[in-house]
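The listed protein sequences derive, respectively, from chains A and B.
Going by this note's numbering, 112 is the number at position 112 of the first sequence; the sequence numbering is gapless.
Going by this note's numbering, 1291 is the number at position 291 of the second sequence; the sequence numbering is gapless.
Keep in mind that the hints were calculated from the coordinates and are not lab data.
Take the hints with a grain of salt, since some may be wrong.
Stated by the list, open to error - Listed below are the simulated EDC-like cross-link pairs for lysine to aspartate or glutamate, each with C-alpha atoms no more than 16 angstroms apart in a straight line: (1) B/Lys1237 <-> A/Asp65; (2) B/Lys1310 <-> A/Asp65; (3) B/Lys1309 <-> A/Asp65.
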Amino acid sequence: MKKFSSLLHNLILTPSRNTKIKLLQDYFKKLDINSAYALAILSDQLSFQFIKASKLRELVYEHVDQHLFDFSYDYVGDLAETISLIWPTKKEGKSQSLSTLIENINKIKKSEINTEFSKILSQLSNNERWTLIKMCTGGLRIGVSERLVKTALADLYNKSINEIEEIWHGLKFPYENLFQWLRNEIPKPKIDFKKLFHPMMLANPIDEEKDFKRLNASEFQAEYKWDGIRVQLMVSSKSVSLYSRTGDNISSAFPEIIENTKGDAVIDGELLVGTNFKPSNFNDLQQRLNRKKASKDLQEKFPVFIRAYDILFYNGKDLRKLFLFERRMYLEKFLKENITNQIDLSSIIKFSTWKELTKYKNNFNDHLNEGVMIKLKNSQYLPGRKKGYWYKWKKNPKLVDAILMYAQRGHGKRSSYYSDFTFGVWKKNELVPIGKAYSGYTDKELLILDKFIRNNTTNKFGPVREVKKEIILEVAFDDVFPSNRHKSGVAMRFPRIHRIRWDKPINEVVSIEEFKKEFKIG
Amino acid sequence: MDFINHQLFIKDINVHIDPILPKKTAIITHGHADHARFGHEHVIATRQTIDIMKIRYGDKCAKKFTPLRYGQKYSIKNYDFTLHPAGHILGSAQVLIEKNNHRLVITGDYKVGKDETCKNFKLLKCDTLITEATFGLPIFQHPDSKDEIQKLIRSVKINKHNCHIVGAYALGKAQRVMNLLRQQNYNETIYIHGSLEKLCKYYSKEKINIGKFEKVSSKDKNFYEGKIIIAPPSALKDRWSRRFPNPIICMASGWMTVKQRAKQQGIELPLVISDHSDWNELLDTIKKSKAKNILITHGQEDALVYYCKKQNLISKPLSIQGRSDEEME
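If we strip away everything but chain B, and leave its shape as in the complex, we get (with noise of 0.2 angstroms):
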């Protein structure tokens, strides 16, 4: 495992994984901006990831791109590379290296639950494991997300006269919410800020259930009563809001476990939808993994390491810059 950097860096081959700044060869495990970058020469992913970063940065966002199938090899010297399923959106991706008969696996962000949206995330054996830890406090529990969606469309249909807005990240949790919804038979069109047009069209095109969604247009006030408006986080306290009815601000985050959290927010109704591992799920992850060396990335990093250093585990924090922690999920 030395052949990698606590920047997710070989040196020997020059590769990065979710580097920060433009480099000659970047896997990138997903389309969150916090993953992927504009401006590197190399990028190997997932098409899908592709297709993202191209819908987000345009077609001339690296000068190559490698888009490889889920299990596809892709070799660089004695470096065998190949993406496995994270489950945490549409594209993402697990890195496995093996060198030399070592497996290290880079988790990128991963959820284990079940998810319409994209492929369910695939357990890895290996001997070293570069695990997230957004949710790694032993209050994060996941709860149901059918649940949760069925919190908001008992808001809806008791609150006729007010429109709910959720705030979603516009890329992954927006759809996630629209399929859930769709899975528990709301059939209304969903409307949806600007932002997320592109990406909920592309959702669609390859074939996710995200159903009949339509841009928030500048109709009469009264048009979005009863309605299920999904915007990014950032347009919940913005000027956009204030042309709805009686908004109820909802938020669709595994942040939305902590009440005093969703309170310093002004979030009415928080829905605890995560698209990242819980507590149980990340220490099972790491269990199953049989991986005796643990490292471990940006989240909650402190409270992993003391659990796995109880288990006799090696494990130390990898503090990778550049990542924000609670603005993106």
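The shape of chain A in the complex, shown without the other chains (with noise of 0.2 angstroms):
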């Protein structure tokens, strides 16, 4: 316990990627049932039937005055930190290891659960009390992703993380299979997948000047590629399943879906808001996304659908071995048969030539799109983002100069630079904001920003800082939708610093009507 709760401290509090994975590293070199019971609670697997939050704070107030616990926890914002620091009896006992503690609170009956869940916080230090609760309560939050213990995994046991991507959803606790395939002891675990998430295949950024030569237009099909979330079907005469691309199961966010849906396959698609099949912007999806439960009204209100991209299971049949024109196929037949409000086929696009291509990726219909994609027809169903297979082909982003209006500090490695930028446009003869970007730029460009604010800043606002209105960027973004949340009227969709404009006057900068009808907000 002392082992994994010094990794857990040590994973929260540093933020660089790589030191986390050399930590996971360290820990996970030892393959035992202390590793099992870690790689579960890392990747939230685990939990304790009878000990929650609420019967944790029952817990505290047994021990600790009710006040003086509410004081603290105020203080400190954080259930699990509260209780580990304010538990009062500390004796701390003979260091126990992870699997002991968990196989003896398992053992632990309902009714003395009281008592005995006491004692044993008691035995513990503070951090590793800390670790207990918070493998109670669930969720970590310690700024570790499942991608990133397998990515530490794969390294470490020289794998690839597609491989451990392509089994994970199949493996159970205490991961046996996985350990001794990850030790060479046996070949890569067989799973059985009809029921399990399959690992999605992802593109790769196409290089316009590279790929182009390279690549024969006639070997690829492309398709528009939709501005929603990527999702998996699991349709049975049992039971259907939709999971979003990273493997949570989302189906009770969008019953509609659950509901209305027939047959029996896997189908790879994007799910949109929108009626009759006409996709809406993303703006819209965002009101169904990150909720457990719809209402009617939110399902009446911004209806979604999927639309469909690829087949990966059929009547039972594994069709990942096949290749993209024959899945094709299968896709077409499997919504014939099964006709809903809830699916439709995403079409191809018909083209000759990279050039002839270039039309569709940039002038389709403004905001439903965000580009194509372009894969190659003999392409298996490979998990993961396999080069020289799919890629996907981005539309020119838009671009607008406007202003700096504010800047603040970055996070982790740019923490002692200024680098997260608030730029506005005109309104009449005051500047509102439009947007923020903390990207894009050089580093060069980052160390003039920076400068630059520190020398012209006239106003504090906690950790914001105004600047004198004089650097003009050159703001490139993917899309802009009308907000009613900010004050300008306008959400931009992933905006990032193009360049900085030296060259133009802030009187040249266009007002936010100009704007607004520049890219048809209305």
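Using the supplied hints, reconstruct the complex from the two chains, each of which is provided in its own coordinate frame.
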């Protein structure tokens, strides 16, 4: 437990991805029952039946004056940390291993939970106590994604991350097959994939100069790149479930899809908001995201559907080893057999040269797609971001010149730089902010901006500095939508600093009205 | 106790304790900037506090200085003042005021635990206790500073190609960290931010063992690999820190108890080393002082007031203006 709790402690405090990977690798050098528990905890697969946040509060009130606890919780703002620090009786006992501790907790009878669990809390150090409470409440929030854990394991044991991704969702505690495979004692575990999320095939950005010279247009198929969220829909006679790109089950948030889909297949597609298969903008989709459930009202206001790109299984048959053009036939067949208002087919763009495709990339109905996808017709369905099969070709970004208004320090590596910039355009004689960007600039530009901000601060609001209105930034962005959350009435999608416009005087920057007109915002 | 008001002002004889604005007579508990200010007419303090004020603000920061030894009596009318060790930083003092058999103690900032960089705290029995409450919440239970400094030494040993920059307040904390390192037999030169130099020299002159130190200079970047550098917290996030190779950012402070605080401030190696009493020490001091009347100044006073009332002690918070909490320690 000591080892695991100091791992979490170090993970939460280090900002560097590489250091995190190194810490994880140090921990997972040994693959035993303790590392199996650790893996379950890091991927949020472990929970204790009787001990949840409410039980922990009840326990702490038995041992600590309620007011003193509340004062402290107010100050700390994190339940696990407050309890771990305030816990009064500390008779640090003999250090137990992670597995012994968890097994002991699982043995506790429900009727004895209060006394027995208190005893355990008292025997731990502050940091161990914090770790255990985090384990009980779930959701570690230590800045470590599942992907990072997999990356660490892959690098450490000379496996490819894709191989791990492929079997990940079929693995279960205590991960014996995974560990044996990592140690090269057995071949890669065989998993019954039928009911599991299948890692998705992803695309690489195209390099216009190199790739178009190299690639033969006739070997590729093009589709629009829709601006929704990538999903995997699993349909069988028994159940229907919907997964996000990361393999989270998001079925409960989209009941209309679950209720209205029939057949037996695994479909790869894009979840979009819209009626009659007419997608509306990403802003509307956001109303449906990050919700556990969707009310009837919400379903009516923002109806969703899936635009199908690909099919992985059909009537129990694994199609992933087939080529894309073959899978496409199955996909069309499936959709003909199971017509619903919830799924339609992503159409194929006809083109014969790359040049011809350019106009589809840039000139298709403004707000609805982000560009085109270019897929090798002879591509199997390969998990991860393999090179040479699928490419994405994004629209040219939109550009606007705006005036730097405020700046804030960055995070992690950039915490000593003013690297987050808010910029705006004119509204009569005033400036109104239209967006915030923290990327896109070169290191040299960042130094210049940082220096300018330090020397030209006119006002401070907490961490935010207002600066002299002198610098014009050319901002690139993917799209812009109407928004009533912002004073300017617009919300940008993925704005970044393209360059600094030293040549332009600030009175030549557009007004918000002109900006809205140019980008067709009502 | 009615003779002193909530601003620690004794109107009867026109004496202030740690006033924020320039006053006629000021008794200063210690040299930190939120207690010792520039421009009083007459400053009464320990010799070391007066030295520190002169280092920070210049020789003419007050018109007249009266240095007092610990325990040496100074009387104005029927008020007898004595200063007693507070264990906070070099020269820090509690103020005992005796008037008509009533004993009133103003602790100033104090620490009960051991510290080689200053005289250790002396417990005073009194009728009225005015105590600080910087760490007045039960979550603050400071660990042994030896163990904390060992964390730093261990990290330096393991991460040979990094340098460790330790954020520590320029007066007191910085020198304490240096002294703790020496106690644990860390004998390398310690590198310091320029703003620490005068005070470190003063500590050395006062025979506090802080060992060999050197101001950071514009040496080759790699020179600082494996070294410990001490800097005021404000420098950690400034351009100053960019010159070092793969710095590991550390901070020596009682606030580092709370992981979330450390994380928010981008601290990778938090060291819980405090110059204030923790919750249990505050309670213990209150109890052992036998005071019936407890006034609580800057910090987390709510919890402490609540606790005292539960113990049937007369207790209320004193709100003294101009004191910041987390910035200073």
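Hints, verified against the model:
Distance check on the hinted pair: lysine 1237 of chain B and aspartate 65 of chain A sit about 39 angstroms apart at the alpha-carbon level, beyond 16 angstroms; violated. For a cut-off of 16 angstroms, the pair hint linking lysine 1310 of chain B to aspartate 65 of chain A stands: about 11 angstroms separates their Cα positions. Of the supplied pair hints, the one linking lysine 1309 of chain B and aspartate 65 of chain A holds, its CA atoms being roughly 13 angstroms apart against a limit of 16 angstroms.
In this structure, only the earlier hint numbered 1 is contradicted, and the remaining ones agree with it.
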